[in-house]
Amino acid sequence: MDVIRALIRTIRRAGLPVAFSSGFNPKPQLAFGPPLPLGVESEAEYFDLELTVALSAEEVAQALKQNLPPGLDVLTVHQLAPKAPSLMAQVTSIDYRFILSRKTPWSDNQVAEWFGALWSRSELPVTKKTPTGEKKVDLRPLWHDYKLDFQNDGLISFRVQVAFGPGGTIRPDDFGSLLAAAFQIEEIRRTAVTFKDGERRQKVH
Amino acid sequence: MSTTDQWKQEGTKINNYEKILARVEKPARYTGGELNAVIKPWTNVRLRVVLAFPDLYEIGFSHLGLRLLYQRINDDPAYLAERVYAPAPDMERELRAAQLPLFSLETRHPLDRFDVVGFTLQYELSYTNILNMLNLAGIPLKREERGEAHPLIIGGGPGSYNPEPLAAFFDLFFLGEGEEAILEILAIIADGKEKGKSRQEIKEALLKVEGVYLPEYYTVAYGEEGKIAAVHPTPPAPPVVRKRVLADFSTAYLPDKDLVPWLEPVHDRAMVELFRGCTRGCRFCQAGMIYRPVRERSTAVLMEYLKKIIAQTGYEEVSLTSLSSADYSKIQELLSSLTDCFSAQKVKFSLPSLRIDSFSPELAACFQSGRKGGLTFAPEAGTERLRRVINKNLTDEEILATTREAFAAGWQRLKLYFMIGLPTETERDLEGIVTLAREILSIGRHLHGPKAGRVQVTVSVSTFVPKPHTPFQWRPQISLAETERRQNFLKERLVGRGLQFSWHDPSLSQLEGVLSRGDRRLGQTLVKAWELGCTFDSWPDRFRWDLWQEAFAATGLKVEEYTRARAYDEILPWDHLSAGLKKSYLHKEDQWAEEGRITPDCRPRQNCSTCGVCSTLNVRPQLAGGEKD
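Chains as they are written, first to last, in the numbering used here: chain A, 110 to 314; chain B, 11 to 639.
FYI, nobody ran anything at the bench for these hints, they're computed from the structure. Please note that the accuracy of each hint is not assured.
Unchecked claim - List of simulated lysine-lysine pairs, DSS-like, C-alpha gap at most 27 Å:
#1 LYS212/A - LYS317/B
#2 LYS501/B - LYS461/B
#3 LYS136/A - LYS356/B
#4 LYS50/B - LYS136/A
#5 LYS50/B - LYS237/B
#6 LYS205/B - LYS218/B
#7 LYS207/B - LYS237/A
#8 LYS358/B - LYS136/A
#9 LYS174/A - LYS501/B
#10 LYS598/B - LYS174/A
#11 LYS36/B - LYS136/A
#12 LYS174/A - LYS356/B
#13 LYS174/A - LYS267/B
#14 LYS192/A - LYS356/B
#15 LYS501/B - LYS136/A
#16 LYS152/B - LYS50/B
#17 LYS136/A - LYS203/B
What the hints assert, rightly or not - Ranges of calculated distance between the beta carbons of each label pair, as one might list FRET restraints:
#18 GLY285/A - GLN342/B: 33 to 39 Å
#19 SER308/B - GLU152/A: 46 to 52 Å
#20 LEU145/A - ALA107/B: 39 to 45 Å
#21 GLU211/B - GLY263/A: 32 to 38 Å
#22 GLY274/A - GLN559/B: 55 to 61 Å
Yeah, the Cβ is synthetic: ideal placement off N, Cα and C, and Gly gets one too.
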């Protein structure tokens with residue numbers, strides 16, 4: 110919510126001709142992608158913005174860049190066709206990177222084996238709180254891929270790709286509970302979002 | 011070794027702090043980084059100031075005065091100003107467990123590395139938070155325990171018109187409008203430090219700044235029953251410290267930019283003061299007395315500022331503040347300019363409150379975005395007689411007519427704000443509250459016809475607390491038991507469909523009353539209460555009356571010593587501090603109150619109530635529309 114408010118004010122400062130909703134309380138027409146859990150950094154956030162005047166993607170990017178508060182940056186702006194499907198409905202998967210430290214004296218090889226074993230399990234049941242109670246969910250089919258890197262400082266970079274859509278998703282918290290026994294999470298970052306058209310969008314380093 | 015080098019060596023501490031931030035509720039309370047926050051290099055300035063608000067970020071951020079001073083000091087390349095707010099209890103626990111000090115938001119320096127720590131004294135129930143923040147920063151609470159290397163602890167805001175309960179903890183209080191004086195104060199401190207002067211020499215040099223009060227230069231002798239026998243000033247301190255007013259408010263400082271928060275504060279909007287002071291003369295109102303005389307900004311100045319600040323911040327709402335904004339003499343012109351200029355951008359405007367006698371549906375509609383929610387009116391007292399006593403001269407018919415207009419214009423929910431315990435109040439006045447509320451409800455039901463069921467009248471009642479520098483400063487405050495009795499009286503009668511009753515915790519008002527007319531002896535009570543664990547006393551869920559009572563008992567003081575009536579010839583703890591009001595004026599107003607005699611609004615100049623402010627402080631009222639005679 111805080112980021113959304115900050116973006117709306119950025120758009121206002123930039124003086125972009127944003128379309129407002131009609132009704133008692135006109136709101137700027139913005140639609141956001143998957144919500145970012147609290148405490149997770151991100152370099153892959155998306156929002157759709159409706160303007161009343163056609164501007165080039167470069168103009169919009171420039172206007173936003175000049176008005177963003179510290180800590181936010183605009184990476185790319187694309188022009189959408191009118192009536193483009195909603196951003197949220199287009200997302201198929203999300204990439205996260207966890208930076209982990211070890212709670213155990215395990216070597217890199219042992220760590221790699223541990224993750225290999227986790228990946229090979231046929232089921233990864235977790236209990237999720239729902240408004241009506243608790244629910245058992247199998248995370249395994251939602252986990253698409255992972256990659257481990259061992260950093261020079263001893264920390265482990267654990268990259269995952271998880272499903273996103275009507276079939277569910279894996280939240281960073283869910284991984285947190287799977288990893289808690291052996292690892293301490295130092296940082297979580299959303300690194301990329303993949304869309305239905307097959308386009309994969311991540312920060313160009 | 012420079013401070014910066016020392017600081018770098020504390021890398022582990024910073025690392026721990028980062029981990030704490032990841033654990034606490036709402037870390038954005040402590041991380042700063044807002045748009046327009048100013049981060050200056052630590053070593054390139056003459057003096058470093060941290061502005062401290064003794065309540066949570068969400069509350070403190072919403073305070074205009076602190077935002078104004080922050081930009082003002084930072085506009086000057088010679089100084090650096092950072093901010094700190096009271097850490098929430100979870101953050102306090104983490105800091106204490108990790109043995110970390112309280113840090114500033116901008117550069118995360120511990121408070122004791124600054125040259126000046128400036129607290130804003132907005133309400134008495136924030137005082138234990140001040141002690142807690144000093145303690146968390148590792149700064150000795152008592153002035154006499156602090157040494158050359160410690161920051162100077164200064165305070166300003168309405169609390170400094172009677173800061174006596176805090177006298178032992180502060181080096182300096184500032185009375186009045188600070189936006190010019192703060193730079194004079196900082197210049198003297200910077201000069202003194204550069205010339206190698208001692209803390210004491212610097213403080214003595216500060217005495218020549220108008221509005222500066224150094225409590226250590228005044229000795230208080232107590233007589234019987236805790237009454238003050240005498241207050242002795244030590245030269246060169248003046249016998250009476252007078253508040254500072256700006257030479258010309260119409261051209262007073264307005265910042266080029268304003269902070270825009272990440273975390274949503276209680277008032278998430280830009281603010282601008284239409285005017286300072288108030289001409290109404292309500293006898294219970296401290297703000298109406300201490301911020302005199304009335305001085306308005308021109309619509310041109312306001313419009314220019316608002317255009318700049320809205321473009322610069324992107325705020326979707328602006329609050330047009332003052333003590334009675336609808337009294338602004340060019341309010342209609344201002345509103346039409348605002349509508350012309352900002353309606354396309356969907357910027358909303360709000361007034362902090364609307365007076366019953368200046369309400370019109372057209373005026374209210376300008377501030378009502380979209381759906382008609384609730385409207386709040388403040389009759390303050392239940393009968394015409396009692397309203398004359400407090401000089402809020404409204405007839406029942408005026409109140410009913412206004413509510414009729416509001417209901418007719420579509421509002422369904424009205425909130426009525428009253429005080430109980432006002433001087434001369436009887437059961438009849440309480441009954442008056444009930445009668446008024448019921449009549450308003452039936453008007454609303456009648457006008458809303460088929461939707462009568464949606465009409466709601468809320469009666470909100472607070473307890474009158476006599477405040478220093480008001481005509482009621484000599485009056486008694488009703489006791490805890492009496493407050494409960496009067497609240498119950500209303501509770502039993504304000505029941506039924508469409509009526510709601512809300513009230514304040516009576517013990518909170520008792521403490522507020524003690525501290526607001528308190529003396530220096532209360533310093534030890536404050537320390538004791540804080541030691542017992544009292545902080546955030548203004549938060550009803552955190553307030554511990556039992557601990558406060560323990561603190562009073564332990565320090566040998568009684569609540570009744572402070573809530574009692576005072577004689578006109580008694581020396582009051584704040585008599586050596588002046589808001590420019592003549593004591594004879596306050597005295598006369600109190601007598602007129604007893605007689606139910608009205609003092610007219612002093613806006614037309616022939617109605618001058620000779621309160622003494624203009625002559626004492628050598629200022630004049632300023633109206634945007636010129637003088638109305």
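Each hint tested on the structure:
{"no.": "1", "hint": "LYS212/A - LYS317/B", "result": "56 Å, violated"}
{"no.": "2", "hint": "LYS501/B - LYS461/B", "result": "26 Å, holds"}
{"no.": "3", "hint": "LYS136/A - LYS356/B", "result": "9 Å, holds"}
{"no.": "4", "hint": "LYS50/B - LYS136/A", "result": "36 Å, violated"}
{"no.": "5", "hint": "LYS50/B - LYS237/B", "result": "49 Å, violated"}
{"no.": "6", "hint": "LYS205/B - LYS218/B", "result": "18 Å, holds"}
{"no.": "7", "hint": "LYS207/B - LYS237/A", "result": "65 Å, violated"}
{"no.": "8", "hint": "LYS358/B - LYS136/A", "result": "12 Å, holds"}
{"no.": "9", "hint": "LYS174/A - LYS501/B", "result": "57 Å, violated"}
{"no.": "10", "hint": "LYS598/B - LYS174/A", "result": "62 Å, violated"}
{"no.": "11", "hint": "LYS36/B - LYS136/A", "result": "26 Å, holds"}
{"no.": "12", "hint": "LYS174/A - LYS356/B", "result": "23 Å, holds"}
{"no.": "13", "hint": "LYS174/A - LYS267/B", "result": "19 Å, holds"}
{"no.": "14", "hint": "LYS192/A - LYS356/B", "result": "25 Å, holds"}
{"no.": "15", "hint": "LYS501/B - LYS136/A", "result": "41 Å, violated"}
{"no.": "16", "hint": "LYS152/B - LYS50/B", "result": "30 Å, violated"}
{"no.": "17", "hint": "LYS136/A - LYS203/B", "result": "53 Å, violated"}
{"no.": "18", "hint": "GLY285/A - GLN342/B: 33 to 39 Å", "result": "58 Å, violated"}
{"no.": "19", "hint": "SER308/B - GLU152/A: 46 to 52 Å", "result": "48 Å, holds"}
{"no.": "20", "hint": "LEU145/A - ALA107/B: 39 to 45 Å", "result": "29 Å, violated"}
{"no.": "21", "hint": "GLU211/B - GLY263/A: 32 to 38 Å", "result": "55 Å, violated"}
{"no.": "22", "hint": "GLY274/A - GLN559/B: 55 to 61 Å", "result": "60 Å, holds"}
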